[in-house]
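Undergrad: Here is how the chains run, residue by residue.
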Amino acid sequence: MSVKRIQEITSAEIEAWISARIAEFVNITAEAVSRDASFESFGIDSGKAIELMTGFEDWLELPDELPLELLFEAESIAQASENMAAAVRAMASGDQQYSALQ
Amino acid sequence: MTATPEIEFGGSASAIRHHYDVGNAFFAAWLDPTLTYSSAMWDGLAEDASLDEAQHRKHAYHAESIGAGEGMRVLDVGCGWGAMMRVLKDDFGVKECVGVTLSEEQHAHLRGQKTPGIDAVLTNWRDFKPDAPFDGIISIGAFEHFAHPEQTVDERREVYREFFKACRAWTQGKGRVSLQTIAYGNMTPEEANPFISNDIFPDAELPTLEDIEVAANGLFNIEKVRDDGLDYARTCEIWSRNLKRAVRSGVVDPQTDPADKYSRYLRMSAAGFRMRKIALLRIALSPV
Chain X
1 MSVKRIQEIT SAEIEAWISA RIAEFVNITA EAVSRDASFE SFGIDSGKAI
51 ELMTGFEDWL ELPDELPLEL LFEAESIAQA SENMAAAVRA MASGDQQYSA
101 LQ
Chain B
1 MTATPEIEFG GSASAIRHHY DVGNAFFAAW LDPTLTYSSA MWDGLAEDAS
51 LDEAQHRKHA YHAESIGAGE GMRVLDVGCG WGAMMRVLKD DFGVKECVGV
101 TLSEEQHAHL RGQKTPGIDA VLTNWRDFKP DAPFDGIISI GAFEHFAHPE
151 QTVDERREVY REFFKACRAW TQGKGRVSLQ TIAYGNMTPE EANPFISNDI
201 FPDAELPTLE DIEVAANGLF NIEKVRDDGL DYARTCEIWS RNLKRAVRSG
251 VVDPQTDPAD KYSRYLRMSA AGFRMRKIAL LRIALSPV
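First to last, the protein sequences are chains X and B. For the first sequence, my numbering begins at 1 and goes up steadily by one. For the second sequence, my numbering begins at 1 and goes up steadily by one.
By construction, these hints were calculated from the structure, which means they are not laboratory data. Be careful, since some hints might not be right.
[Unchecked claim] Here are the simulated lysine-lysine pairs, DSBU-like style, with alpha carbons at most 30 Å apart:
id	chain 1	residue 1	chain 2	residue 2
1	B	K261	X	K48
2	B	K174	B	K244
3	X	K48	B	K165
4	B	K95	B	K129
5	B	K129	B	K244
6	B	K244	B	K224
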């Protein structure tokens, strides 16, 4: 995905993507995944969290990895989506937190 | 199981070899050039300092912590590929370094280098019987392997106490010790976050700072404790990126190398340190 596209990604798009993946994991419809629910409530363990994050990075073709705590520390899917959108935009704009790791 | 010994030690040779003997070329693809496989240290360096600089900073910190200097004889428990010993010798004028390791590959690598003043011994620390005393001891990233999860708190502390007793014996009660180990932070074994669970250290048991305080009581004074968990998070993140790039460029083959396993482990560890579930302790000890 182009840098321009990554910069424009919204938390709503991310939330829809995460909800669809969680729905696959637990075999329910995406509509049944509440945005206010925690990852833990769907039984998302460390393995599933890494799978989710790796899939997310591949989806956006991110140039680098995102910190897993964006998932771990979020109290809800909605909050995680907002944090991930901010992190993706920071990465696209060459934020120092990411460029320092190069 | 044979008869229960008085003290059970973790860090079996097979467990250590399982983790570290997966081929030096694999580690070389994502570690720094000195193959240092423990947390670097950025304190005192420029914000954008490289991993190489931060690994050297870490080694210098431990050397200073034991007061390393000209003509000394220093023991490195869990010496890895020898980077700590080379800094002691080249930058601090230490005369003789002896490294203890359970990894056959690390041992062969060090013996093969035939560096004057640097020797490696393939043994568990509890079986190590040096032929001369040491002036100081450094141990980086070995303490995590000393105990095992089936032990009670008291049993674990007894193992650690045996280690500190051995340190006193190896230095005739006169040498300083600089210890670097991962420890439990705000996560206890009982309340492990389901995300972190046992993925990071499935076979080893981490100490708590209290375990170390109790174990060292009367043997060593704890002069200084640092929790540099964020250093380890940054180190793991750099390793993880290096590994990913090595896979992309074909240097590492995910079909034959354990790239996925390590990638997962490094990312989990980074998250654990950033969330303070686990800590990275650097402890300066002086003999009582």
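Undergrad: Take the hints in turn and mark each one as holding or not.
TA: We went through each hint and held it up to the structure:
Distance restraint check for K261(B) and K48(X): the Cα-Cα separation of roughly 14 Å lies within the 30 Å cut-off, and the hinted pair is therefore satisfied. Restraint check: the Cα-Cα separation between K174(B) and K244(B) comes to about 46 Å, which exceeds 30 Å; the hinted pair is violated. Between the alpha carbons of K48(X) and K165(B) the distance comes to roughly 44 Å, so the proposed pair goes past 30 Å and is violated. Pair hint K95(B) plus K129(B) holds up; C-alpha atoms about 19 Å apart against a cutoff of 30 Å.
Proposed proximity of K129(B) and K244(B) is contradicted: the alpha carbons are some 42 Å apart, above 30 Å. Restraint check: the Cα-Cα separation between K244(B) and K224(B) comes to about 36 Å, which exceeds 30 Å; the hinted pair is violated.
Hints 2, 3, 5, 6 from the earlier list are contradicted by this structure; the remaining hints agree with it.
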